[in-house]
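Each protein sequence line maps, in turn, to chains A and B.
Going by my numbering, the first sequence opens with residue 1, and the numbers climb by one from there.
Going by my numbering, the second sequence opens with residue 1001, and the numbers climb by one from there.
Hints are not guaranteed to be accurate.
Said to hold, decoys possible - These stretches of chain A come out as covered by chain B in the derived footprint (C-beta under 8 Å, 3 or more residues):
1) 164-170
2) 283-289
Stated by the list, open to error - Derived pair list, reagent style DSS-like, types lysine-lysine, alpha-carbon separation capped at 27 Å:
3) B:1015 <-> A:176
4) A:138 <-> A:176
5) A:15 <-> B:1249
6) B:1176 <-> B:1197
7) B:1176 <-> B:1138
8) B:1164 <-> B:1105
9) A:176 <-> B:1176
10) A:197 <-> A:163
11) B:1138 <-> B:1164
To be verified - Here are the in silico distance ranges between beta carbons for each label pair:
12) A:289 <-> B:1164: 49 to 55 Å
13) A:226 <-> B:1255: 41 to 47 Å
14) A:92 <-> B:1055: 36 to 42 Å
15) A:87 <-> B:1255: 45 to 51 Å
By construction, these hints were calculated from the structure, which means they are not laboratory data.
These numbers were taken from a predicted model, which means no experiment stands behind them.
Ideal Cβ positions, reconstructed from N, Cα and C, are used throughout, including at glycine.
Listed below, chain by chain, are the residues.
Number of protein chains: 2
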Amino acid sequence: MPVLVSGSIALDHIKTPHDEHENLLGGSASYAAMAASFFAPVNLVSIVGKDFPQQHLELFTSRDFRLDGLQRSEGETFRWAGEYFDDMNTRETLDVALNVLEAYKPVVPESYTDATVLLLANDAPVNQMSVIDQFGGKPKFIIADTMDLWITIARDDLLNLLKKIDLLVLNDSEAKQLIDTTNLIHAGDQLRAMGPKYVIIKKGEHGALLFGEHRFFSTGAYPLRNLHDPTGAGDSFIGSVAGYLASLKDEPEVTFDQIASGIVRGTIIAGYTCESFSTHRLQELSQEEFATRLDEFRQFTRFE
Amino acid sequence: MPVLVSGSIALDHIKTPHDEHENLLGGSASYAAMAASFFAPVNLVSIVGKDFPQQHLELFTSRDFRLDGLQRSEGETFRWAGEYFDDMNTRETLDVALNVLEAYKPVVPESYTDATVLLLANDAPVNQMSVIDQFGGKPKFIIADTMDLWITIARDDLLNLLKKIDLLVLNDSEAKQLIDTTNLIHAGDQLRAMGPKYVIIKKGEHGALLFGEHRFFSTGAYPLRNLHDPTGAGDSFIGSVAGYLASLKDEPEVTFDQIASGIVRGTIIAGYTCESFSTHRLQELSQEEFATRLDEFRQFTRFE
């Protein structure tokens, strides 16, 4: 069944120690949807401006995204410029122009209600909540990502959202910020107590942790020798989890073990994302290449 | 078969946000030997002063350590004082008195040559090399740990040592320091090229990576909700790996998969070490408790 992916679409300008590119397809929804579409059909909810390149729209179409929920505004597309230093381990935002995002209100078309999984990729918590409210009924599984900005400026909205979702995803520094602890295990426990049945804490190159009721799962990241651009790794990680869950046979409830399997798929897809700029590597990725890395990953983590 | 454990023995004075203790049994060899003895008999090589408490010696005896290689000097035992802050995530050394360590030269008794695995726990690289030279013959497997200090002040000695050992163990910041990279996968590859057939990069709460010829293994750490004192976690981790390898049936060569299994045992034992001061938790640890956590750990890392 389809996965609904909502979030931002950006035109990115990215500098790394070795390279620089402009007008790249970026934003949380772009990465998440591209990753999700590797596993399941995507119903996209987002907004672009009149400057949004036709080639990016064609990419969406080539992946069979439903685009009824993609608003085309007369303004300019959201733009982000960033630079990576120090072998991609530190990043600085050089410029942000919200443009069409400034007044953005997501619209969920009626036709999208066949989605079983809702992925609220990184966006203002009020927009994430609005997608849930508009979707109506009871979707099978609701996932939300967030970021440091919303923890700082929209904490109450975020806390409200936590009561409405099944799975919260955030990175380790955000988890520590939201809970005010340095112990990630405590952070996971306490975040679950705030509403979501499941919590994923992303740790970048160190993998991810999953917290459930009396359950815990931990995995490393796929080892990368060649990082070209880590932008969107987290978005494609959670896009993969969401797409994978949507692809499973329609059982009444998502299980902890299914989410753990999704996390492993997500760390592999996120690795591919880092291997080139924008979503370029994901566009060419074959099921065979993915299956090879999944097998490798099983070997990398197997022990007696 | 026995494991030879060489390294330092200290009397530690440790402050944490909640507690403070003096004259604690510490030092790389103490932690490593206590952990190793959970799996195999220990032949200890180290030095203590005349102030070394009888109760600590009795602990060694109670674990059936061979102590012919433990020098008793007229000086004072090596002392270290440190304080932990910020939920144990940062540590400051308050005081170091090398005392008997200053002129220490390890002595390996003839009776120790039944050991199949040599663990050169953290110590000056010249001392580590001296243990190898004195041991003579060809031990089945030689493991060395190191630290930032030796990378800075004894780099050439350390590089020589790398050519004589089978497995190098160091933490992530040390690996980056020694190789001058921020990518741990590159660091592991390059450290292997400097001599050791295997390299373990320890990542604390994020687990550990193992590099071998065309092989890679990654695992998280056992999740800890209650950290009382992380001192010696790394030493007991590698002590467990060494003890586990020594405990295996006497096959001609140690395999990658055996080291991976040792790493999993090591992360569990290191977790216990953090749950109380000094080696206290290890002293009471039962095989049943350990087996329970090993089973849990299998569940924490299992996926389809």
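message: Quick check: does the Cβ-Cβ distance between residue 92 of chain A and residue 1055 of chain B fall within 36 to 42 Å?
response: Violated: the Cβ-Cβ distance is about 55 Å, outside 36 to 42 Å.
field: Pair hint outcome, residue 1138 of chain B versus residue 1164 of chain B [Cα-Cα no greater than 27 Å]
entry: holds (11 Å)
Given hint residue 1176 of chain B paired with residue 176 of chain A - CA-CA distance at most 27 Å: holds (25 Å)
message: Next pair to validate is residue 138 of chain A with residue 176 of chain A; report whether the Cα-Cα distance is within 27 Å.
response: Violated - the C-alpha atoms of residue 176 of chain A and residue 138 of chain A are around 31 Å apart, more than 27 Å.
- request: Take a quick look at whether residue 1164 of chain B and residue 1105 of chain B sit within 27 Å of each other, Cα to Cα.
  value: Between residue 1164 of chain B and residue 1105 of chain B the Cα gap is close to 19 Å, so the pair holds against 27 Å.
- prompt: Between residue 15 of chain A and residue 1249 of chain B, is the straight-line Cα distance small enough, at 27 Å or below?
  reply: Violated. Residue 15 of chain A to residue 1249 of chain B sits at ~54 Å, over the 27 Å cutoff.
- request: Could you say whether the range 49 to 55 Å given as a hint is met by the Cβ separation of residue 289 of chain A and residue 1164 of chain B?
  value: Since the Cβ atoms of residue 289 of chain A and residue 1164 of chain B sit about 40 Å apart, the hinted range of 49 to 55 Å is violated.
- request: Count residues of the region 283-289 of chain A with a Cβ under 8 Å from any Cβ of chain B, then say if the count reaches three.
  value: Coverage by chain B is violated for the region 283-289 of chain A (0 residues, Cβ < 8 Å).
- prompt: For the region 164-170 of chain A, do three or more residues have a beta carbon lying closer than 8 Å to a beta carbon of chain B?
  reply: Coverage by chain B is violated for the region 164-170 of chain A (0 residues, Cβ < 8 Å).
message: Taking 45 to 51 Å as the stated bounds, is the beta-carbon spacing between residue 87 of chain A and residue 1255 of chain B within them?
response: Because 32 Å falls outside the window, the suggested range is violated.
message: Against the 27 Å threshold, does the CA-CA distance of residue 1176 of chain B and residue 1197 of chain B hold or violate the hint?
response: holds (19 Å)
query: Going straight from one Cα to the other, do residue 1015 of chain B and residue 176 of chain A come out at no more than 27 Å?
result: Roughly 24 Å between the alpha carbons, so the hint for residue 1015 of chain B and residue 176 of chain A holds.
Hint compliance for this structure: hints 1, 2, 4, 5, 7, 12, 13, 14, 15 are not met, and every other hint is.
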